[in-house]
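A.B. asks: Take a look at the letters that make up each chain.
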Amino acid sequence: MLGGGAAATLSAGYGSRVMSEPIKRIVIAGGGTAGWLSACRLAAWSKAEKRGLTITLVEAPDIPTVGVGEGTWPTMRRTLAEIGIDEADFLRDADAAFKQGSRFDGWVTGQANDSYLHPFTPPPAAPDPRQLLAAWRRQGDQSFATAMTPQPEVAAIHLAPKQRGMPSFAGALNYAYHLDAARFVAMLRSHAVDRLGVTHVADRIASVEGTDTGEIAGLKLGSGMNLPGDLFIDCTGHAAILIKGHCKSDWVDLSSVLFNDRALAVQVPVAARSPIASQTISTAHKAGWLWDIGLPDRRGIGCVYSSEFMTDGEAEQTLSAYIGESIPDAGDVQPRRLIFPTGHRRHFWAGNCLAVGLSSGFAEPLEASAIVLVELSLQALIDNFPADRCAMRIIGRRFNDLFTTRWGRIAEFLKLHYVLSRRAEPYWRAHRERSSFPERLSELLELWKGQAPSSYDFPLAEEIFPAASYQYVYYGMGGTLPPGLPEPAPSLMIQLDQMKQRGRALLASLPSNRSYFDGLCSGAPNGREATA
Amino acid sequence: MTRHAVLTADDHRDLRIRTDSSADLGDAVMSCFTVPLEFRSLQHRFPILFRRNEATGAFSALALLGFEAGENLFLDGDRWDADYKPMALAVQPFLVGRSAGADVPSQIHIDLDHPRIATADDGTLLFDVHGRPTPYLERVSEMLGDLDEGYRSSGRFFAALERYDLIEPFFLDVTLRNGSSHRMVGYHLINEEKLLALEPGAIAELHREGHLLPIFMALASLSSLADLIERKNRAEAHG
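Residue numbers (the working numbering), protein chains in the order written: chain A, 1 to 532; chain B, 1 to 239.
Bear in mind the hints are in silico, worked out from the structure with no lab data behind them.
Among the hints, a few may not be true.
Interface residues of chain A toward chain B, partial, derived using beta-carbon atoms under 8 Å [claimed, not checked]:
#	residue
1	Arg164
2	Arg504
3	Leu507
4	Ser512
5	Ser515
Derived CB-CB ranges, DEER-like [said to hold, decoys possible]:
#	chain 1	residue 1	chain 2	residue 2	range
6	A	Ile157	B	Val6	25 to 31 Å
7	B	Val6	A	Pro275	29 to 35 Å
8	B	Ser223	A	Ser143	51 to 57 Å
9	B	Ser60	A	Met166	36 to 42 Å
10	A	Ala125	B	Val96	40 to 46 Å
11	B	Arg52	A	Glu487	58 to 64 Å
12	A	Glu487	B	Val96	43 to 49 Å
13	B	Gly131	A	Gln334	45 to 51 Å
Heads up, the beta-carbon is just placed ideally off N, CA and C, and yes, glycines get one too.
Start from the sequences, fold in the hints, and give me the full structure.
C.D. replies: See below:
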């Protein structure tokens, strides 16, 4: 029997709501990574701050999740801590592994030694980034990243970013995760329902019921039940049932900047005890790129391409050639084909509806921006949670401004990976057509001929990618150095020297990604046999 | 059981050493060997006492870590609860190996049966992929060098103390807050009155030979006895 209280809540009528009425009932539509992360973050926050929110998540029992976004940013450590999930449990339950950055193979020339890393650990702080460049030039023919942090060497030999004794979410180097999205969602779902008091309704959304003012009053479910709410979070993926279907928020298309529109995805099981890569490996091909994400149990591999420059058949050949080369005993694998638009909603927040996840926008997973955008959306919502409908209008407008800027930044940063290439195929040449550059990126590229990417280029308090990320990609791809570099400050040279020493110590003392994970699963405290 | 081997990059390329602290790793000791050149690093935390070898009559120095056998009050479970770990403990499981002749350079030996020998990769490597010592091994090697040099020069230090009759036996009754008491016997320390009464020529000579600084460091270290007793009181209270 359903309890009387719950039944009353779920079937309450819509009525007219007074403007000053507080926002208490949150309805989340859709239960993928975005939906369950939203449920967990909001419920944990409401609990911690005694906000008294009721959070209901409705998901159709038969809709599969897309599950491409298997790479996170370091922000996920804070997110998990806020939600109240222990790191070891997360690693075990989501079949997750440490990610220390993204390696880009073949993006500049496509030749054998063409590879650079965008690590998560930033260069040492320097008031003038030209100092970093000057110090780098003093270090022989090392890559920029290798000169700035020990992380490339640590990641190259598949080491974990932390020792076993280190507490949850703390590392010797900055890190994020690779994870199995389906298992991650299952973990979030049980945490939300069992620990955080989220109500889970397994039903499909039949229709969206509006108010006189065009807001959402409630969701009518397949069973006939009405689900009323004060704030609706659209996590229905590409379907965007609320934000597009009801709120009619336009799509801002970015396909003239970023050409890829299809992907083939496979999951290849890996042998027990095989090394787990510590970085996402992105390998360029003639009309796009391949992702390769190592988890303890499997590798997720995919081929991203532009249908204008490559047929599905060619993409399949590209994918199987890559798998054949990197996992010779993989056997026959059937790829899943995904077709995706690149762009975002003009309004992420419309009325009392906020789009989070794929419903709000999508970009190729080149810098793992999908899950982090979910986290950033939720952080912005929590930091500015509307007290009532009046506040919601103002907050919604500001949210739209912030995320429009953020999407602009994402498009610019992803495009940067293409414009610095020297590859000759038509796809790559098309990417270098000036007309396909976002205007701000054209300006930045002009500036960076004479100065280094710096925080002057990224002046917002809420920048999504720091100047360090641009430095790693720009100089990783052989971007022009500004003329007349200064003498590097002695203090910086000492700092880099200490960093080198620390790097040697880390190489000697960090466990491998694989043994860190296997240690967790053996159940022994800190990964070794307990002594009596 | 000990099984000593000469440390080489070829034989021990993949060997890892546990560098954390715990009783299981051999840290539960009430005192450890030290040498005058380490006194400065020890004196703010660890009482420095002397002991005479019954058989040879020779003195040696030790850092006091507890009041009973097996008690190390600086070991808090699996945590080393101080900003410094005496070298004699920090170099475990390594030791200096020396062949017969005094001119032959010393080697680093390792006790392969020591509990610090890691069985999985939860320890620190001694050599990098090129066979070069890691920073950890470099540090161990420095400490072994210091201990070796310190050991060889400590004979002169104690000879000077004896020459000026500065060493006296010492016992200490420690009464804890719970009423129990421990008597520490068999130790020696520097007689401060005699030291202060030395004529300037003697002081100058001690200074010239480099003994004055460790003498005062050893004297200063006795003020950390109060801290050690407080640690013992806390340990008994939680015991």
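A.B. asks: Minimum Cβ distance from A:Ser515 to chain B below 8 Å?
C.D. replies: Nearest chain B Cβ about 5 Å off; hint holds.
A.B. asks: Verify the interface restraint on A:Ser512: the C-beta must sit less than 8 Å from at least one C-beta of chain B.
C.D. replies: holds (6 Å)
A.B. asks: May I ask you to test the hint 36 to 42 Å on the CB atoms belonging to B:Ser60 and A:Met166?
C.D. replies: The hint (36 to 42 Å, Cβ to Cβ) holds, given that B:Ser60 and A:Met166 are roughly 38 Å apart.
A.B. asks: Given the range 25 to 31 Å, decide if the beta-carbon distance of A:Ile157 to B:Val6 lies inside it.
C.D. replies: Since A:Ile157 and B:Val6 have Cβ atoms about 28 Å apart, the given range 25 to 31 Å holds.
A.B. asks: May I ask you to test the hint 43 to 49 Å on the CB atoms belonging to A:Glu487 and B:Val96?
C.D. replies: holds (44 Å)
A.B. asks: Taking 58 to 64 Å as the hint, is the beta-carbon distance of B:Arg52 and A:Glu487 inside that range?
C.D. replies: Distance hint for B:Arg52, A:Glu487 holds at roughly 60 Å.
A.B. asks: Between the beta carbons of B:Val6 and A:Pro275, is the distance compatible with 29 to 35 Å?
C.D. replies: holds (32 Å)
A.B. asks: Hint check: is the beta carbon of A:Arg504 less than 8 Å from a beta carbon of chain B?
C.D. replies: Constraint on A:Arg504 satisfied, holds at 5 Å.
A.B. asks: Restraint: A:Arg164 near chain B, CB-CB cut 8 Å. Satisfied or not?
C.D. replies: holds (5 Å)
A.B. asks: Honestly, do B:Ser223 and A:Ser143 meet the 51 to 57 Å range at C-beta?
C.D. replies: For B:Ser223 and A:Ser143 the Cβ distance comes to about 53 Å; the hint holds.
A.B. asks: Given a cut of 8 Å on the nearest C-beta pair, is the interface hint for A:Leu507 held or broken against chain B?
C.D. replies: holds (6 Å)
A.B. asks: Return holds or violated for the Cβ distance of A:Ala125 and B:Val96 against the range 40 to 46 Å.
C.D. replies: At 42 Å between Cβs, range holds.
Violated hints for the displayed structure: none, as all numbered hints are satisfied.
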